[in-house]
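4 protein chains.
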Amino acid sequence: MPLAPELAVSRWFNAAAPITLASLRGRVVMLHAFQMLCPGCVSHGTPQAQRAQQLFRNTDLAVIGLHAVFEHHAAMTPVSLEAFIHEYRLTFPIGVDEASSGDPIPVTMRRYEMRGTPTCVLIGRDGTVRHHGFGQEDDMALGAIIGTLLAETP
Amino acid sequence: MPLAPELAVSRWFNAAAPITLASLRGRVVMLHAFQMLCPGCVSHGTPQAQRAQQLFRNTDLAVIGLHAVFEHHAAMTPVSLEAFIHEYRLTFPIGVDEASSGDPIPVTMRRYEMRGTPTCVLIGRDGTVRHHGFGQEDDMALGAIIGTLLAETP
Amino acid sequence: MPLAPELAVSRWFNAAAPITLASLRGRVVMLHAFQMLCPGCVSHGTPQAQRAQQLFRNTDLAVIGLHAVFEHHAAMTPVSLEAFIHEYRLTFPIGVDEASSGDPIPVTMRRYEMRGTPTCVLIGRDGTVRHHGFGQEDDMALGAIIGTLLAETP
Amino acid sequence: MPLAPELAVSRWFNAAAPITLASLRGRVVMLHAFQMLCPGCVSHGTPQAQRAQQLFRNTDLAVIGLHAVFEHHAAMTPVSLEAFIHEYRLTFPIGVDEASSGDPIPVTMRRYEMRGTPTCVLIGRDGTVRHHGFGQEDDMALGAIIGTLLAETP
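Chains as they are written, first to last, in UniProt numbering: chain Y, 1 to 154; chain D, 1 to 154; chain E, 1 to 154; chain U, 1 to 154.
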């Protein structure tokens with residue numbers, strides 16, 4: 001399986017320092033790509049990521065948010081995102097996907113060939129992409145994949 | 001009962017012309033005050049207002065949204081609101097509550113002495129305030145009040 | 001509009017004495033017909049009737065349940081219904097629709113020409129049927145009809 | 001960890017032949033103990049078991065229902081259970097927990113020292129009890145445990 005492309009992030013929230021996937025090698029990563037004005041993200045995907053962080057807080061899972069804005073760019077700036085994070089009480093690290101000059105699709109979103117938001121990418125301890133899902137993820141199915149990946153020998 | 005204070009709106013969405021409560025006299029008005037980054041509005045109050053507009057579309061009920069921003073002002077500008085309205089497919093008229101110089105609370109919100117968002121105000125055919133509720137409104141209770149107000153002789 | 005047919009009930013629960021529609025003339029009646037093993041009743045209709053009783057407890061609305069068994073008769077006897085009422089903490093009066101000899105459809109269900117369960121019948125203060133709905137009723141729509149009927153002069 | 005006690009079942013539904021845990025050794029077992037008139041089972045636990053069977057249908061998970069009646073015995077006989085299974089379209093095997101003479105608690109429930117219904121017991125490929133939960137189980141947490149147990153070498 002292919003190695004997960006590295007993140008390209010212009011600004012981090014809820015993180016003391018920039019985060020790279022390279023530095024998370026050996027752990028399982030849940031990458032939740034969203035937009036703050038995407039209804040399916042706000043009602044389902046983003047609260048699910050928050051619940052995953054809480055549920056697996058004592059495990060090797062790292063939940064990382066990616067604000068992947070590919071539409072309404074002027075409406076979803078970092079100042080708006082910051083208020084969103086505050087109001088929705090999100091506590092997992094969230095990176096702003098780096099804008100691409102001349103392309104509405106930001107850099108990380110393009111690297112992962114995401115089809116839209118929400119997208120959930122699960123990365124194994126070996127750094128390979130093990131799940132890549134667009135749209136609503138079922139809680140039980142998501143839990144099963146995470147449980148399986150955590151069970152692999154680091 | 002007191003007459004409902006007039007709206008102070010700096011910009012309308014989903015309306016061909018500015019709307020006044022005076023012009024709606026004789027009809028029942030549901031005024032839904034919200035903020036686009038208020039979780040309780042997005043998950044409950046605003047979809048409820050949209051459902052009310054749909055349910056009572058052939059009656060004398062007018063559903064009016066009021067974007068009453070009293071916090072995170074830079075995060076909830078009209079350009080962001082416009083994207084929000086588009087993404088959430090809101091079709092009822094929405095006015096931006098007029099900013100007040102030197103006061104974070106906008107003008108209409110102050111006139112109604114609203115405690116926060118979401119706030120639901122129901123105005124009878126005679127122009128008086130008949131219900132003023134802060135927080136989550138129960139669908140059945142709301143329907144009952146609207147049904148009662150619509151039953152009054154114009 | 002036609003007068004609502006009288007109830008035919010073989011046994012009452014949550015009632016000190018048998019209830020007739022005739023004795024409720026002047027009040028609004030919500031008649032909730034259900035079966036204890038009907039999934040749509042258990043998940044939606046019956047809790048809705050319970051909420052309606054609570055919401056309108058200080059009004060002229062009378063909520064009446066009707067256990068209208070038309071299938072699996074041996075599985076839904078009064079002894080099972082009694083446990084169901086206890087476990088689901090139902091507090092509104094519930095009558096067992098009278099069995100009809102040679103007909104799986106019980107008497108009241110036949111009189112009202114109900115198509116199945118849940119069925120919600122709303123009866124005005126004048127005793128006429130004002131709403132007759134099969135399946136899931138929207139809370140707001142139901143509230144609106146009840147509010148309208150309560151607003152009529154007794 | 002202790003070996004899971006064997007099931008004591010007086011009658012099976014949705015099964016061609018009686019099922020024993022011994023015969024399932026090497027597979028993961030989800031044992032869902034419920035009562036057909038237990039509101040928390042009907043609204044949450046039992047549909048969750050049905051979803052688990054569907055989600056993991058191509059894996060080594062076996063979902064087994066246990067109708068563990070410890071109250072209202074006359075109200076929840078096999079004839080009522082059969083109609084319940086039909087109406088709720090349950091397709092996983094369901095055993096009636098064997099009645100115990102002189103004890104309202106049936107045999108299997110007693111062996112597992114279950115506190116009530118719903119109870120979810122997860123048994124590993126080695127036949128030991130790995131999870132024993134009373135009440136509402138979170139979908140994501142349940143999925144994670146199942147994923148972990150399935151990942152163990154048979």
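Watch out, some of these pointers could steer you wrong.
Each pair of labels, with its calculated beta carbon distance range [claimed, not checked]:
#1 U:HIS73 <-> Y:SER43: 35 to 45 Å
#2 D:PRO154 <-> E:ASN58: 57 to 67 Å
#3 D:GLU71 <-> U:GLU113: 18 to 28 Å
#4 D:GLY135 <-> E:SER100: 42 to 52 Å
#5 D:GLY40 <-> Y:GLY26: 34 to 44 Å
#6 U:ASP60 <-> Y:LEU3: 40 to 50 Å
#7 E:TYR88 <-> Y:SER43: 24 to 34 Å
#8 D:ALA99 <-> Y:LEU3: 44 to 54 Å
#9 D:ALA15 <-> Y:PRO39: 51 to 61 Å
#10 E:PRO154 <-> U:GLY102: 54 to 64 Å
#11 U:ASP60 <-> D:GLU71: 47 to 57 Å
#12 Y:ALA74 <-> E:PRO154: 50 to 60 Å
From the derived model, a few chain U residues whose C-beta atoms are all more than 12 Å from chain Y [as the list claims (entries may be wrong)]:
#13 TRP12
#14 THR59
#15 ILE146
#16 LEU150
For the record, the hints were derived by calculation from the structure and aren't laboratory data. It should be emphasised that the depicted structure is a prediction, and the values quoted were computed from it without experimental measurement. In this text, a Cβ means the ideal position worked out from N, Cα and C, and glycines have one as well.
ask   = Are there hints from earlier that the structure breaks, and if so, what are their numbers?
value = The structure breaks hints 2, 3, 6, 9, 14, 15 and 16; every other hint is satisfied.
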